[in-house]
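Asker: Those sequence lines, one after another, are chains B, S, R and Z. At position 52 of the first sequence (counting the first as 1) the number is 52 in our numbering, and the numbers step up by one without a gap. At position 382 of the second sequence (counting the first as 1) the number is 382 in our numbering, and the numbers step up by one without a gap. At position 80 of the third sequence (counting the first as 1) the number is 80 in our numbering, and the numbers step up by one without a gap. At position 258 of the fourth sequence (counting the first as 1) the number is 258 in our numbering, and the numbers step up by one without a gap.
Just so you know, the hints here were simulated from the structure itself, not pulled from any lab data. Treat each hint with caution, since some may be false.
Claimed, not checked - Taking lysine to aspartate or glutamate and the DMTMM-like style, the derived pairs with C-alpha atoms no more than 25 Å apart in a straight line are:
id, chain 1, residue 1, chain 2, residue 2
1, S, Lys160, R, Asp150
2, B, Lys184, B, Glu162
3, R, Lys223, R, Asp148
4, S, Lys177, S, Glu162
5, Z, Lys23, B, Glu84
6, S, Lys236, Z, Asp271
7, S, Lys177, S, Glu196
8, R, Lys223, R, Asp257
9, S, Lys184, S, Glu162
10, R, Lys14, B, Glu390
11, B, Lys184, B, Glu173
12, S, Lys564, B, Asp443
13, R, Lys223, R, Glu277
14, Z, Lys23, B, Glu173
15, R, Lys23, S, Glu101
16, B, Lys177, B, Asp150
17, B, Lys160, Z, Asp216
18, S, Lys509, B, Glu58
19, B, Lys155, R, Asp246
20, B, Lys177, B, Glu147
21, R, Lys223, R, Glu270
22, R, Lys19, B, Glu390
23, S, Lys2, S, Asp65
24, Z, Lys14, Z, Asp184
25, S, Lys236, R, Asp148
26, B, Lys99, B, Glu170
27, S, Lys509, S, Glu560
28, R, Lys21, B, Glu390
Chain by chain, the residues run as shown.
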Amino acid sequence: MKTLSIAVVGSGGTGAMTTGNLLLEAGARQGCYGLQTRSVGPQIRGGEAAAMVRLSSEPINCASDQFDILVAMDWNNVDRFASEIPIGPDSLIICDPAKGEIPQAMAKSGAKVQELPISALAKQVKSGRDNMIALGAIAEIAGLSRESIDFVLAKQLAQKGEQALQSSLESVESGRKAAANINKRPLPVGNRAGGEHWIISGNRAMGLGAIRGGIRFVAAYPITPATEILEWMAPKLPLVGGALIQAEDELASISMLLGASFGGVPSMTATSGPGLSLMIEGLGLAVCSEIPVVVVDVMRGGPSTGIPTTSEQCDLNIAVYGLHGDAPHLVLAPTTVTDCLFTAQWSVVLAEALQAPAIVLSDQFLGQATVIIDQPEPIELQARRNTATEPGANYQRFALTESGVSPMAIPGTPGGQYTTTGLEHTPAGTPSSTAQNHALQLDKRARKIQEFDYGNHWADIEGQGDQAIITWGSTTGAVREAMARLEHEGINNIRTVAIRLLAPAQPEKFAAALAGVRRILVIEQSHSAQFYHYLSAHYDLPHEREVFHRAGPLLMRAGELVEKIRSWSDS
Amino acid sequence: MKTLSIAVVGSGGTGAMTTGNLLLEAGARQGCYGLQTRSVGPQIRGGEAAAMVRLSSEPINCASDQFDILVAMDWNNVDRFASEIPIGPDSLIICDPAKGEIPQAMAKSGAKVQELPISALAKQVKSGRDNMIALGAIAEIAGLSRESIDFVLAKQLAQKGEQALQSSLESVESGRKAAANINKRPLPVGNRAGGEHWIISGNRAMGLGAIRGGIRFVAAYPITPATEILEWMAPKLPLVGGALIQAEDELASISMLLGASFGGVPSMTATSGPGLSLMIEGLGLAVCSEIPVVVVDVMRGGPSTGIPTTSEQCDLNIAVYGLHGDAPHLVLAPTTVTDCLFTAQWSVVLAEALQAPAIVLSDQFLGQATVIIDQPEPIELQARRNTATEPGANYQRFALTESGVSPMAIPGTPGGQYTTTGLEHTPAGTPSSTAQNHALQLDKRARKIQEFDYGNHWADIEGQGDQAIITWGSTTGAVREAMARLEHEGINNIRTVAIRLLAPAQPEKFAAALAGVRRILVIEQSHSAQFYHYLSAHYDLPHEREVFHRAGPLLMRAGELVEKIRSWSDS
Amino acid sequence: MNDTAEALGQPVLKAADFKSKLKPIWCPGCGDYSVLMVITKALAALCLKPENVAVISGIGCSSRIPAYSSCYGFHGVHGRALSAATGLKVARPELTVLCTGGDGDGFSIGGNHFLHACRRNVDITYIVMDNQVYGMTKGQASPTTDPDWDSVLTPGGSGIRPFQPLVIALASGANFVARAFSGDTHGTMEMIIEAIKHPGFSFVQILSPCVTFRPDQREWRQKVRPAPVPTTDDPARAARRIMTDDGFNLGILYRGDRPPYHISYRDQIEDAASLGEEFRI
Amino acid sequence: MNDTAEALGQPVLKAADFKSKLKPIWCPGCGDYSVLMVITKALAALCLKPENVAVISGIGCSSRIPAYSSCYGFHGVHGRALSAATGLKVARPELTVLCTGGDGDGFSIGGNHFLHACRRNVDITYIVMDNQVYGMTKGQASPTTDPDWDSVLTPGGSGIRPFQPLVIALASGANFVARAFSGDTHGTMEMIIEAIKHPGFSFVQILSPCVTFRPDQREWRQKVRPAPVPTTDDPARAARRIMTDDGFNLGILYRGDRPPYHISYRDQIEDAASLGEEFRI
Ligand SMILES: Cc1ncc(C[n+]2csc(CCOP(=O)(O)OP(=O)(O)O)c2C)c(N)n1
Ligand SMILES: Cc1ncc(C[n+]2csc(CCOP(=O)(O)OP(=O)(O)O)c2C)c(N)n1
Ligand code: SF4
Ligand code: SF4
Ligand SMILES: [Mg+2]
Ligand SMILES: [Mg+2]
């Protein structure tokens with residue numbers, strides 16, 4: 001796999017993000033796959049910002065170990081990005097000499113430095129902008145064609161009028177010219193097979209998957225980094241006969257979902273850790289009253305308010321164990337940005353089929369990264385709730401069925417009236433405090449979750465060998481890339497298991513997936529190794545086991561995992 | 001150990017509870033130890049009620065396997081208590097023939113039945129009451145002296161006037177006379193050594209321990225079965241310079257605690273599962289901002305609203321894992337009613353010492369049972385927070401100390417001003433999103449909890465042998481009684497470990513406690529075996545292990561554990 | 001509301017048809033018995049069918065009402081009834097949605113949802129059985145309790161000014177505001193009928209005595225009276241009146257005509273699969 | 001409040017002494033800069049010492065204020081600032097406790113605590129920077145936003161009647177109610193000084209423009225005016241006035257004299273150890 005990684009930084013609204021977006025789209029037009037992430041300082045607006053674009057010949061799912069090109073329009077507070085934008089002697093720094101010294105954190109990398117009078121050049125163009133000069137320079141160095149840049153600029157500036165487009169095009173040209181003598185760092189030649197391609201963020205993929213799965217009601221309260229899911233869905237839901245309510249808080253949003261889903265309408269919300277904390281009581285009610293709901297948690301650095309704009313796999317505990325009482329439910333996690341689409345859709349289907357809450361653990365990286373991918377195949381999964389369409393005289397809402405799932409009468413259905421409740425109850429739903437009814441209903445609720453056949457989607461299993469890496473969520477991308485590199489090195493006796501269905505545990509399938517495996521390495525991005533402990537509690541792990549874990553906000557990189565796995569593996 | 005177990009049942013305000021209270025106190029006067037629990041039907045007032053009193057020659061901590069005497073003033077809905085009041089052929093049922101047939105659930109026990117015209121007798125006494133007739137009959141059969149009954153009645157009816165006392169005494173006499181010919185079931189001879197004795201419930205012991213530990217601020221919202229903790233503390237706190245606020249909800253109560261404790265005042269609340277669910281976000285803030293608070297969760301049947309008036313060990317998961325992000329904190333649990341006093345006091349001390357939230361897991365049984373015990377020794381544990389009394393110019397609230405605990409400046413202290421925050425931060429408390437500060441503060445918060453020396457209180461370890469029972473909380477009482485019986489049978493190769501400090505895990509101490517142990521049996525009252533899974537996640541358990549677990553609301557009984565342990569043990 | 005039995009020419013149901021077979025757990029003499037009866041009468045009088053009505057509640061003695069009706073019921077967690085009712089009504093606008101509960105459920109833990117339900121004006125009828133106490137948890141002060149009412153948890157009284165539900169409802173934009181007394185069954189029934197018929201959020205406070213923990217409330221029967229002035233549609237005037245009355249004036253005290261929360265369901269529904277088109281490069 | 005520097009004869013502090021060294025994260029031109037300045041001026045004018053003042057907030061742009069002051073600060077979670085402030089003030093009555101935040105923090109997620117803080121009347125000063133938007137999360141409608149304000153999350157507007165903070169405060173029993181404009185620094189400072197001095201719960205709504213997500217609010221400067229009538233002590237009159245004004249009358253609009261929340265600390269303090277005596281048989 002060939003890749004080219006470019007970071008564009010600048011402060012005070014210089015438009016680094018725009019440059020990043022345009023680069024990604026232009027790369028896409030030239031047949032590249034790609035991934036873009038962003039990072040910003042604490043200022044609400046106009047602070048330092050970094051757009052990090054990685055273009056590649058094959059689909060990619062993690063950030064690069066090292067950047068090929070770093071373009072700095074200025075250096076204000078840019079040292080804060082030093083750890084997020086690793087550079088080395090092979091890297092190229094392009095910067096404006098008028099903007100001062102290269103910060104020590106960057107300079108010490110030994111990267112080749114190429115000065116470019118970015119803002120002076122911009123001033124020469126009417127309404128010229130630094131970030132367009134930068135775009136031109138990068139286009140020149142990376143070999144992005146005039147055709148693609150023109151196209152993406154025209155699209156981007158469609159609303160802004162001919163004048164804006166003109167000055168951008170001129171700036172780009174000026175940037176190109178200024179960079180003409182810099183050594184080229186050519187774009188990887190895209191391997192994309194024919195067919196259509198998409199450019200999409202994980203948060204949008206999540207919204208799309210949810211609607212495709214059947215979600216027609218959303219109630220939510222804005223929170224970083226989940227808001228884009230909601231903002232994408234808001235105008236879409238009415239188009240498919242659904243609705244979105246902005247609730248007064250998360251206590252209200254989860255309760256609104258319960259009301260709507262009690263009414264038969266598949267319902268969802270999206271939030272992050274602090275919001276999930278406030279939904280815990282409502283989720284317990286969903287378990288007891290067997291009302292399906294989907295809650296997407298786009299994880300960010302924790303605990304508490306934590307680091308809202310960054311990524312961490314730190315809400316596994318609360319998602320799996322956070323409810324009071326014995327409260328079986330579903331927890332799922334997409335493994336890649338693209339997989340947000342599938343996992344969202346599958347989660348809706350499972351929640352509806354099992355009449356239980358499903359928590360979907362995305363994270364800030366998966367949610368806010370934008371990728372170029374092959375257009376996903378349509379997924380044939382549709383929510384189908386077991387409803388009592390003609391409830392008889394002896395209808396019992398919580399009847400003790402073999403599967404544990406009982407037909408649910410939907411308001412409006414004559415003869416199906418019952419009262420749902422968070423109190424323990426008889427099969428008919430009458431509150432009951434006897435040990436017998438408690439045991440029967442606890443058994444039923446556990447049974448339906450535990451004995452359902454989740455098929456092959458519970459995990460993605462790759463490779464062969466008597467050693468295995470176990471991982472989940474956004475770390476999967478880095479693990480996969482590391483494994484590909486190791487295979488290149490000749491290490492090919494390691495399996496990878498990326499678990500998508502976190503709860504309920506699937507001990508039998510896991511045992512089958514690990515048949516013949518002697519030792520495992522668990523990889524996750526959590527300070528206290530939540531995933532490792534969860535696995536230890538619910539799976540029969542080989543005695544020889546190890547965990548490689550650390551906190552966010554730095555993303556897991558394939559490079560660090562290659563090191564780790566190489567030294568761990570005994571091949 | 002000799003015991004006598006008596007259940008008194010009746011409906012419509014017949015006063016079964018009063019009879020139970022009086023029996024317990026009268027037994028206490030005659031040198032018995034004892035334990036009383038109660039059970040009620042769903043009616044808010046005037047429904048069926050059962051008082052269950054167990055008197056014994058030695059301290060006891062669990063309900064009896066079988067009742068010796070069941071006195072039924074009537075049989076309305078009393079079958080609901082059948083499983084809570086196990087009786088057998090050796091038991092004696094005393095009932096009023098005017099109140100109809102003995103329900104099948106009771107009759108099939110084969111218990112001896114003795115009819116007594118309870119309400120007819122009561123009518124013969126001016127303002128006579130059924131429950132006093134019942135008291136007299138039981139007193140006669142159990143050999144409770146006139147002196148003790150007179151004493152407890154006089155105390156009980158002090159407010160109600162001479163007339164009420166007179167008619168009660170007459171009723172008791174009439175009950176005695178009517179029961180004169182019934183075979184005696186004598187009171188166990190009390191083994192109480194000299195010294196003072198107490199009669200106390202777990203909820204009150206919890207309140208007392210908390211105040212003794214140093215709590216001076218309480219904010220809370222009423223909830224069954226925790227309210228009595230608060231109701232006991234409300235008038236006491238002002239006496240020691242403290243205050244209690246009834247908050248508008250649990251979100252407010254936890255936040256009020258944080259404010260008060262930020263102000264330097266040790267603070268606590270008490271709640272049950274649903275309330276704890278609502279405190280999760282606040283607890284996360286306590287972790288991140290390092291503000292000590294104590295939250296007592298008196299567990300009840302779950303999930304959701306569940307079965308509010310019953311007991312279950314089902315909130316271990318939420319207590320240990322419920323917070324989002326990596327959020328190290330303390331979780332403790334008293335093992336007996338008496339131990340509520342110690343564990344509350346210790347929890348306050350630990351929370352204050354570690355500047356972290358402590359969740360204390362009591363349950364409905366521990367909280368609402370009333371016991372007769374030896375007067376507890378005063379406990380020499382006082383809250384001592386590490387405060388910055390003379391913060392220098394470079395004062396840093398979250399300084400990276402070796403222990404992980406940093407001196408806390410209390411508002412009012414000149415020069416100590418800082419802003420506490422739920423955002424990740426630098427040692428000074430300035431919000432920071434860097435990986436470095438995040439790692440440093442995560443390490444610090446984990447370190448202070450993990451590396452503190454908790455001494456011997458982390459668990460109660462009893463017995464010898466190469467097998468071990470591991471348990472926690474209210475199940476401990478039944479385990480201990482079962483072990484005592486098994487020892488009597490000659491089984492003496494089993495250790496018991498009752499864990500008081502649930503989080504952080506103490507793997508080294510645990511390993512030492514289990515040195516030489518080949519196999520373990522975990523015992524708990526949870527449908528999904530939460531404790532067993534928690535142990536599996538955080539301890540190195542012997543490969544040969546088993547869990548005996550079931551849901552509430554039926555209390556664990558020594559008898560069922562004797563069976564289980566006998567068959568499990570290979571001695 | 002249009003799909004009534006009468007409109008469809010079906011046999012009209014009686015109040016008893018709106019009651020379930022469950023025996024209430026309430027204390028003998030509790031005001032909530034009358035409220036239950038009145039609700040069933042109102043539903044019968046409106047010619048509704050139980051399957052088209054949903055009764056949503058939280059936790060408390062009063063919150064037990066749903067299961068005692070023969071309608072669809074939702075007995076949720078403490079304080080969140082209005083949110084669940086909102087979700088249900090927005091998702092299923094053709095249902096008649098009643099929300100019921102107590103003063104603790106609605107104004108203490110649930111206060112925020114009350115504010116926002118009034119503003120949002122979704123077409124729900126909210127019936128609060130106000131007994132100025134937490135009955136279910138055995139007698140603590142609620143937001144509407146007088147400051148000097150002694151309780152075990154707040155010895156000598158809470159010392160806090162009572163919450164004025166009707167004033168808050170008005171200040172938050174409720175569209176229909178009434179005060180009833182559970183002992184006045186006929187008047188209460190009429191108010192509930194009007195409340196259900198009124199578009200948007202309607203709020204009915206029913207003084208409903210707790211005979212067990214507030215035996216003093218037996219006096220309410222003597223204190224209540226019909227409001228001496230007719231219903232107004234001026235919120236400021238209504239607020240002034242309620243802020244200065246003694247809490248015992250019964251009747252519909254305000255009726256406005258703010259349009260209810262708009263739910264924008266498109267008639268032309270797109271194929272969900274096609275929503276992905278925008279991501280194509 | 002008695003332990004002021006002046007009373008102790010110590011050098012009086014300047015406004016700048018109440019500012020920390022942190023650079024605010026706010027956008028250039030944000031109204032909150034003025035509010036920060038005004039608060040520091042008010043504290044200096046009151047001759048308070050930073051160590052005796054605590055500033056409590058939740059989450060939002062406006063909620064960042066505590067760390068920009070040199071007082072003790074508490075930057076808690078979203079919506080719970082008033083509860084934390086209540087706990088602190090009741091536990092430590094000798095401190096001066098300010099609570100600061102935004103319209104989302106205070107009236108959306110925090111609405112319930114607002115109601116109950118007004119009722120409870122603990123001696124706190126609550127300052128809300130109302131910009132009718134969620135700034136921190138990049139521009140969603142808040143409770144005070146006009147119903148037709150278009151946003152990405154609520155396309156075409158929320159359609160919901162705005163929350164009227166001052167009316168709700170009055171209806172809930174707030175003791176001191178004022179409206180200020182961040183651009184009017186002198187007037188705002190005087191209101192804050194009065195609010196801090198007033199015993200019990202004082203509420204100051206400051207119209208504080210969000211230049212980034214509500215550029216239209218630059219017009220506020222032209223719209224605001226001093227309230228044409230003097231402060232009243234009649235809550236019903238105040239409510240009527242505020243319910244009918246256009247939201248741009250500035251000033252102390254109500255000042256009552258309800259006694260603040262009583263905190264009963266006994267002077268004679270018992271030995272905690274002796275509390276067990278009652279359990280002796
Ligand atoms: C989260 C939570 N906190 C507390 C409780 C305990 N609780 C149950 S009902 C209730 C108050 C009920 O008062 P009200 O709503 O006035 O109803 P009433 O019983 O008086 O009719 C409380 C505090 C609970 N169930 N859930
Ligand atoms: C529980 C929770 N939900 C949501 C958020 C996200 N959030 C942060 S600030 C904010 C709104 C802030 O609006 P406002 O209080 O008006 O402050 P402003 O930024 O406008 O000053 C939201 C929704 C959060 N931090 N916590
Ligand atoms: S406690 Fe009060 S409110 Fe509850 S059922 Fe009894 S009388 Fe009614
Ligand atoms: S987003 Fe608005 S409120 Fe936030 S700092 Fe910028 S201008 Fe101020
Ligand atoms: Mg009530
Ligand atoms: Mg705002």
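Asker: Quick one, are lysine 184 of chain B and glutamate 173 of chain B close enough, alpha carbons at most 25 Å?
Answerer: With a Cα-Cα distance of about 17 Å, the restraint between lysine 184 of chain B and glutamate 173 of chain B holds, given a limit of 25 Å.
Asker: With the threshold set at 25 Å, check whether the alpha-carbon distance from lysine 14 of chain R to glutamate 390 of chain B stays at or below it.
Answerer: Since the Cα atoms of lysine 14 of chain R and glutamate 390 of chain B sit roughly 23 Å apart, the hinted pair holds (cutoff 25 Å).
Asker: Going straight from one Cα to the other, do lysine 177 of chain S and glutamate 196 of chain S come out at no more than 25 Å?
Answerer: With Cα atoms ~33 Å apart, lysine 177 of chain S and glutamate 196 of chain S exceed 25 Å; violated.
Asker: Holds or violated: are the alpha carbons of lysine 177 of chain B and glutamate 147 of chain B at most 25 Å from each other?
Answerer: holds, 16 Å
Asker: Does aspartate 246 of chain R sit within 25 Å of lysine 155 of chain B, going by the straight-line distance between their CA atoms?
Answerer: Measuring from Cα to Cα gives roughly 67 Å; hence the hint is violated.
Asker: Holds or violated: are the alpha carbons of lysine 184 of chain B and glutamate 162 of chain B at most 25 Å from each other?
Answerer: violated, 31 Å
Asker: Between lysine 564 of chain S and aspartate 443 of chain B, is the straight-line Cα distance small enough, at 25 Å or below?
Answerer: Satisfied, since the Cα-Cα distance of roughly 21 Å is no more than 25 Å.
Asker: Would the pair lysine 2 of chain S and aspartate 65 of chain S pass a check requiring their Cα atoms to be no farther apart than 25 Å?
Answerer: Distance ~13 Å between lysine 2 of chain S and aspartate 65 of chain S Cα, so the pair holds.
Asker: Taken at face value, is the distance from the CA of aspartate 271 of chain Z to the CA of lysine 236 of chain S at most 25 Å?
Answerer: OK: lysine 236 of chain S and aspartate 271 of chain Z at ~11 Å, within 25 Å.
Asker: Would the pair lysine 509 of chain S and glutamate 58 of chain B pass a check requiring their Cα atoms to be no farther apart than 25 Å?
Answerer: It is violated: about 52 Å lies between the C-alpha atoms, which goes past 25 Å.
Asker: Given the proposed pairing of lysine 14 of chain Z with aspartate 184 of chain Z, does the C-alpha separation stay at or below 25 Å?
Answerer: holds, 20 Å
Asker: Check the hint pairing lysine 177 of chain B with aspartate 150 of chain B against an upper bound of 25 Å on the C-alpha distance.
Answerer: With a Cα-Cα distance of about 16 Å, the restraint between lysine 177 of chain B and aspartate 150 of chain B holds, given a limit of 25 Å.
Going through the hint list in order, the structure does not satisfy hints 2, 7, 8, 9, 13, 14, 18, 19, 21 and 27.
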